[in-house]
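Engineer: Starting from the structure of chain A, add chain B with the ligands where the hints point.
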Amino acid sequence: MLSQVESHLRSDRFPHIWCPGCGNGIVLAALVRAIEELGLNPDKTVVVSGIGCSSRAAGYLDFNTLHTTHGRALAFATGIKLARPELDVFVLMGDGDATAIGGNHFIHAARRNIDLTAIIFNNSIYGMTGGQYSPLTPPGKRATTAPYGNIERNFDIAELAKGAGATYVARTTTYHATMLEKLIVAGARNKGFSVIEAITACPVGYGRRNKMGNGLQMLLWQKEHAVTVKQAEKMNPEELQDKIIIGELYRGEAPEYTAMYEEIIARVKSKNQ
Amino acid sequence: MSDVVEMARLMQGNEAVVEGALAAGVRFFAGYPITPSTEIAELMAERLPGLGGKFIQMEDEIASMAAVIGASLAGVKALTATSGPGFSLKQENIGYAAMAEIPCVIVNVQRWGPSTGIPTAPSQGDVMQARWGTHGDHPVIVLCPASVREAYMLAIRAVNLSEKYRVPVILLMDEVIGHMRERVVLPRAGEVEIIERKKPAGEPKDYYPYRPDEDGVPPMANFGDGYRYHVTGLVHDEQGNPTTDPRVAESLILRLHRKIYDHLDDVVTVEGYQLEDAEVVVVAYGAVARSAKRAVKDARAAGIKAGLFRPVTIWPFPEKEVAELAVRVRHIIVAEMNLGQLKGEVERAVQGRVRVTGVNRLNGELITFDEILSAVKEVTSDAQSG
Ligand SMILES: Cc1ncc(C[n+]2csc(CCOP(=O)(O)OP(=O)(O)O)c2C)c(N)n1
Ligand code: SF4
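These protein sequence lines map, in sequence, to chains A and B. If you're matching positions, the first sequence starts at 1 in my numbering and goes up one per residue. If you're matching positions, the second sequence starts at 274 in my numbering and goes up one per residue.
For the record, the hints were derived by calculation from the structure and aren't laboratory data. Keep in mind that a hint or two might mislead.
[Unchecked claim] Here are the simulated DSSO-like cross-link-like pairs (lysine-lysine), alpha carbons at most 30 Å apart as the crow flies: (1) A:Lys44 to B:Lys478; (2) A:Lys44 to B:Lys471; (3) A:Lys182 to A:Lys44; (4) B:Lys578 to B:Lys566; (5) A:Lys182 to A:Lys234; (6) A:Lys44 to B:Lys437; (7) A:Lys243 to A:Lys211; (8) A:Lys243 to A:Lys271; (9) B:Lys472 to B:Lys437; (10) A:Lys234 to A:Lys162; (11) B:Lys650 to A:Lys44; (12) A:Lys223 to A:Lys243.
[As the list claims (entries may be wrong)] A few chain A residues facing chain B, derived, Cβ under 7 Å: (13) Thr65; (14) Ala75; (15) His108; (16) Met260.
Quick caveat: nothing in here was measured; it's all calculated off a predicted structure. The beta carbon of each residue, even a glycine, is placed where N, CA and C say it ideally should be.
This is chain A alone, in the form it adopts within the complex (with noise of 0.2 Å):
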């Protein structure tokens, strides 16, 4: 299983730029055995990432790679795809990146429902700027510009992916790493915007500010707190107030935005004829 992941790194790209104990590699190993899983053709593969800690995970894939802006990856994934439907692309966030910066792109992306897999790696803070708050630091936690603790409601990525309209909604944590894979496969066998998001630990930026100790801890913490759909069914909503409903959340049904778009420039040009 190791060397499979390994052919699809870029090994002379390593040392990677994480800390030591930090969660992104974790989505991006269960990231490349997806891949590997669906069978997906590493030349019509795609991955564009944002700005952050995780968005640097791109560069250690041997696949198309587009490192972009910070916030606007599916910004760029949209083009690529639209410009493209046979390319398999994937695009890798931080919290921030996705839900902060790049929350308008998001909704729109889910929205459109075009045919993109979106990995949401939700470290609850901004690693790459040094600890700032994110929309995913919950309430009452500590950060760099939150001293005196988050006074800011979170998002909740899943109810805000289904909202807009996004038609496959999962969430795991890295602890549950063999989920995050096969997760990521049915999201990207989905035919239309796909959400995985994916808690993860920082404990440099997030983990040590709130007392959670080191990366090893926080994975704990994370099977501690996880709780699967079925699992929660039966759980009552103050059982369920401090836990991480985990698995697939959401399925939808609805018309794929380049597939439509192949549909008209078909009448278009019949019409022309």
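Structural biologist: Just chain B with the ligands, lined up with the frame of chain A:
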């Protein structure tokens, strides 16, 4: 059926941009509506599907610029159009296209600013934004049409230059040219040269996406064509790897400049009218050049040796050409719908060798020929009395 319109017809400037871009092979447009550029988006939405191309109205100008870059990377010639406020929003990604060397064209039909200003009024206030709107040091190519037919021709040229040099090219229009209707005779298909970006020839494993050929431009593989590589806005080496090595950073930025500045003869075009024996020269671009031409004609009729110098490429600024003028004329008048944005560049090139006077307007109205004519008369009578 040909993609190129071949007959004489009545056409609007914005429409001419669309037809020119399509003739040059543009098959992707992403944009967000803004006056006075909106007709470009509307017409693209109508025309592209019939040619197998794609149109998308994105959520804003930032997204539009991003989508255009993505489409270009996938191998499709791509264009976006906007006006002042939207042009400001695009800047970060224009810089990205410059750094990652992605061909694309940005049309800016200028409107009166700052801010929302007067959306429908003409202005030439974005001369400096077109040059310095992004952060950091990188070259840009900016073209400025003065007629509807030229809007067509320069749209083609903008696409060609962007493909040839792998740079974002800005087609800087003004509202007058964008909305004006003129009868134009367009060249036939095959009469204009269409340039495609250089493709790598060798094996994918030997491909260095940022290793330049002798002309300073690296061959560009499309995403999906079997050459897997990394694209980033970070400083990168020839393989596309991010690095902070100061030597790599410096040589990359110098190469980005060199690939344009080593080819100024190809990139920079200017137009002269009655310059041979001119003593007073009006420098004007865009719609103002039309008023200036009439003023020059009238001045000649009144016995004044006047001429018109029209930069078609305004960036890189035609420094050599203006410097040459400066040694043989007595006066230069720069007429523009702003407070003197290009005049500063003219002064720089002239280096004090002749007096440079400005005719400026920023009330949302086009500069008239008689304003320019009186300026011409004024400077020449000054000279006689002095
Ligand atoms: C336009 C712009 N604004 C701000 C930044 C600075 N910046 C870089 S990464 C980042 C946040 C990263 O956080 P996140 O997206 O959550 O990803 P992480 O680093 O945590 O993986 C910010 C604010 C930037 N690069 N560009
Ligand atoms: S700062 Fe946080 S997210 Fe960034 S590499 Fe370090 S641990 Fe990972």
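Engineer: Hints first: check each against the structure and report whether it holds.
Structural biologist: So, going through the hints one by one against the coordinates:
1. A:Lys44 to B:Lys478: holds, 16 Å
2. A:Lys44 to B:Lys471: holds, 21 Å
3. A:Lys182 to A:Lys44: This hinted pair holds, its Cα atoms lying about 21 Å apart.
4. B:Lys578 to B:Lys566: holds, 13 Å
5. A:Lys182 to A:Lys234: holds, 24 Å
6. A:Lys44 to B:Lys437: Satisfied, since the Cα-Cα distance of roughly 25 Å is no more than 30 Å.
7. A:Lys243 to A:Lys211: holds, 18 Å
8. A:Lys243 to A:Lys271: Violated: lysine 243 of chain A and lysine 271 of chain A sit about 56 Å apart, past 30 Å.
9. B:Lys472 to B:Lys437: holds, 11 Å
10. A:Lys234 to A:Lys162: holds, 22 Å
11. B:Lys650 to A:Lys44: violated, 66 Å
12. A:Lys223 to A:Lys243: holds, 10 Å
13. Thr65: With a closest approach of 5 Å, the threonine 65 of chain A hint holds.
14. Ala75: holds, 4 Å
15. His108: Where the cut-off is 7 Å and the nearest Cβ of chain B is about 4 Å from histidine 108 of chain A, the hint holds.
16. Met260: violated, 11 Å
In the structure shown, a violation is registered for the earlier hints numbered 8, 11 and 16, in ascending order.
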